[in-house]
Amino acid sequence: MPAALPPVPSLDRLASIGRDGSHLSIEPADVRGRFVRWRTALDAILIAIYLGLPFVRIHGHPAVQLDIATRHFFLFGGDFNAQDGFRLVFVLLALGASLLFVTALYGRVWCGWACPQTVFLEGVFRRIERWIDGPRATRLRLDRAPWTLPKLARRALKHTAYTLIALILAHAFLAYFVSFPELTEMIRRDPRQHLTAFVWTMAIAGGLYFDFAFFREQMCIVLCPYGRLQSALMDKDSLIIGYDEGRGEPRGRLTRAERKGTRWTGAPKGDCVDCGRCVAVCPTGIDIRQGSQLECVGCARCIDACDDVMRKLGRAPGLIRYDSETGLAGQKRRLLRGRVLVYGALVVAALGGLVASTAWRAPFEADLMRIEGAPYVLDGGVIRDEYELHLVNKDSVPSRLRLSAEAPASLQLTIPQRSIRLEPLEDFAVPIIATLPRADWKRSFEFELIISDAASGQTREIDTQFLGPMQ
Amino acid sequence: MADTLADNGAVAPADGPDTGHDYDGIRELDNRLPNWWLASLVGAIVFGFAYWTYYQVFHAGPTEMAAYHAELAQAERAAKALQAAHPLDDATLVAMSKKPAVVAAGSATFHSTCAACHGANAQGLIGPNLTDAYWIHGGRPTEILHTVTSGVPAKGMPTWGPVLGATRVQQVVAYLLTIRDTDVPGKPPQGQLYQTAIAPGGK
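Heads up: the protein sequence lines correspond to chains A and B, in order.
In this text, residue positions in the first sequence follow my numbering: the first is 59, and each later residue adds one.
In this text, residue positions in the second sequence follow my numbering: the first is 814, and each later residue adds one.
Treat the hints loosely; a few may be bogus.
Claimed, not checked - Have a look at the derived ranges for each label pair, beta carbon to beta carbon: (1) R496/A x A933/B: 48 to 54 angstroms; (2) G515/A x A917/B: 34 to 40 angstroms; (3) R395/A x T876/B: 51 to 57 angstroms; (4) T995/B x R496/A: 29 to 35 angstroms; (5) D437/A x D996/B: 19 to 25 angstroms; (6) S502/A x Y864/B: 56 to 62 angstroms; (7) L895/B x D125/A: 22 to 28 angstroms; (8) D425/A x A894/B: 33 to 39 angstroms; (9) A933/B x D425/A: 25 to 31 angstroms; (10) A261/A x T876/B: 23 to 29 angstroms; (11) A420/A x T866/B: 52 to 58 angstroms.
Claimed, not checked - Stretch by stretch, here's where chain A covers chain B in the computed footprint (C-beta under 8 angstroms, at least three residues): (12) 838 to 846; (13) 961 to 970.
Derived from the structure by calculation, the hints contain no laboratory data.
Idealized CB from N, CA, C, for every residue including glycine.
Isolated chain B (complex conformation):
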């Protein structure tokens, strides 16, 4: 038995200082607080004071609102940079409409989702005929994209962006560009004439 108390020669400490407080036999002693505990308390006070001085007295740091706006601005810049790197303009959408895989995917989405209102041949039912040259909310590819993405709630066009996602919306627009101006007999034309021949790609 090597490891016993007697071996290490420790001496019993005197009783801690007594405050004299006695509650039902429970005495309150005034032992020194653990240093680490005291340090964390003092540290919290110092930090709190420094934090308050920094943000509330000298306004040296950004407020939460300012930080929020800065983050928004940064997100906007990032979106613009992305748009600049991969522009989603009329020409891009027209180019997408030349890719059979994209058009096939768009056609599938159109028939499962859009055909209920626009007709199986896009000839128009509740929604307008999409095969004529007339467009209520603009016939440029980017305008069609905007109409599908954001919808026209007042007229009954749902907001498809969040439901389908950007990719599927673009595929649907690509499909629409392949069937526009085919004049399938159906709902009579509504809206403004948009002449593809005059503005190819819509620039």
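Chain A on its own, in the form it takes in the complex:
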């Protein structure tokens, strides 16, 4: 089956899509080197972070938990509810702007090093494939081999492992939205009792399995909008993984005589020996020597591969390296450019908005509303106005709110509870009844309710109108 053969990369077509439109699986070769070592360490750290965030507890709450059903959000020790939703604007703006900023400076470092797609594909799924199916040459041979029992067994083993891990990842993903006790309870119980969560988790597991078992680099090349945006965000001074054409070309293999240094054939040759290692190790199947391309996710495997070859040949490493287009052309790379400053200013502005809005976040909310129905009641010799004070504790610790009022002496205020204890994010409505003898009534007037939070020392004054009949 020719489909199993990786095609020679060309700028004119996707290496991972065959001439008939079929998806060709890319089988990157093994590679060793400093970037691969760093990746191994970083993958372990990031997998721990991505899987652990909902389980690590800060101040007794999960580090990250987005309980959409009850609109209760825990983020790194902060405790947020629906009223805090507008801060999401700053969070998203800050994330978006940082992405622009980092891309302008360092290119696709997110894609190559930190994106969960890369982390779980390279750190988990490809490793499993390597253990079960062996190195590249073996995998290519196995792909082409007829469906014999041993092949069937290997495939079954591999896809069972993929499925198990996809299920684990889907449950870890679910943990971002439901609490850990709830999650374990759901896992134990009959799926029919929580059908929605079950169907979601299975659909996510199915999606993850499809992505990591088959779809892989198509996600980054075709589907991911951020990947497609990159070319607009980068310029000649952005850091990319590039091939030093000036040093490498004209590429060519050395003859045995030339390798031994006994005979020089005459034609000048660059440092690239055209061994093809950089292409063989590429997880998206491109030839980095053809220049920076959309398909390059910036994984740096080709750097390790080429450095290894250069070292064996006794030549300097860095024929393929992290550099900018200007740097590769032998010019000086400029760090501060217009776009870097603009993107940077956007990051600062968004973070500033987030910090300011969080710093000014009141520990409680208090809203005074008139009770539904008539604005006032004439009851014998008195005028009665009724209100409801809605209180929400927005802190992550219990709070005690005290109510007092500043009003004319003739106004009698009935406040059932003047000291209210509220659990975190608990809300409570206190009815407040104001009565005034009709003899003292002239016209409507303002009075003030004072709500104070002993713990934070914050006080809120609410002015409201006392209403009565027209004279």
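Given chain A, work out where chain B should sit, using these hints.
Same frame as chain A, now just chain B:
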């Protein structure tokens, strides 16, 4: 170096068909679309057409309004079933008023919340006296429960159901049933006479 390009014997493909379009040196090629991409496009069109036919042409599925009403009806049936399984009638409330723990909890809520208007001894202040045999909005236990839960906004009784929750409202009613007809001197009687002796438990 086992893994090199030369080892796998791949052959370079010919250039993709050129449309002849050239924009600032960027050529447009007419490569075949990825099959998976094409399939998702065709699939979306087929699904969209089928969905439209199903819901808009043949009206085979319920509209959003119908689905909403069906869900409401189901919730109502569930509430009725719950009521049938654990009836909250006059007798149940009277039975609750015989449980000291329930009454104590109701008393606590009454003194923190209701006493401001009805008086510490329920003798009546702004609100009516709750210790006499006269009731403005009905003296049956379920009627008292309804008054506390839904309030009487026009007369100034707040809607306590959402504030206190069903349990605490029931506890308060249980407490009220222990102090009714004790005639604490206070606000004069208002409303209709409700005679517990004639209708014990209120059936």
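For the segment 961 to 970 of chain B, count the residues whose Cβ lies under 8 angstroms from any Cβ of chain A; is that count three or more?
As far as the segment 961 to 970 of chain B goes, the hint holds, because 4 residues have Cβ atoms under 8 angstroms from chain A.
Would you say the C-beta atoms of R496/A and A933/B sit inside 48 to 54 angstroms of each other?
Since R496/A and A933/B have Cβ atoms about 26 angstroms apart, the given range 48 to 54 angstroms is violated.
Does the Cβ-Cβ separation between D437/A and D996/B fall within 19 to 25 angstroms?
holds, 23 angstroms
Evaluate the given range 22 to 28 angstroms for the C-beta pair formed by L895/B and D125/A.
Because 26 angstroms falls inside the window, the suggested range holds.
Cβ separation of D425/A and A894/B, checked against the hinted range 33 to 39 angstroms:
holds, 37 angstroms
CB-CB spacing for A917/B and G515/A relative to the 34 to 40 angstroms hint
holds, 35 angstroms
Quick one: are A420/A and T866/B within 52 to 58 angstroms, going by C-beta?
Between A420/A and T866/B, where Cβ atoms are some 53 angstroms apart, the hint holds.
Range hint 51 to 57 angstroms (beta carbons of R395/A and T876/B) holds or violated:
Holds, since R395/A and T876/B (Cβ atoms, about 56 angstroms apart) stay within the stated range.
25 to 31 angstroms as the expected CB spacing between D425/A and A933/B, which holds or is violated
Roughly 29 angstroms apart at Cβ, these two residues keep to the hinted range, so it holds.
Check of the segment 838 to 846 of chain B against chain A for coverage (Cβ-Cβ below 8 angstroms, three residues minimum)
holds (count 4)
C-beta pair T995/B, R496/A: status relative to the range 29 to 35 angstroms that was hinted
Roughly 33 angstroms apart at Cβ, these two residues keep to the hinted range, so it holds.
Range agreement (Cβ of T876/B with Cβ of A261/A, hint 23 to 29 angstroms)
holds, 25 angstroms
Consistency with the previously given hints fails for number 1 only.
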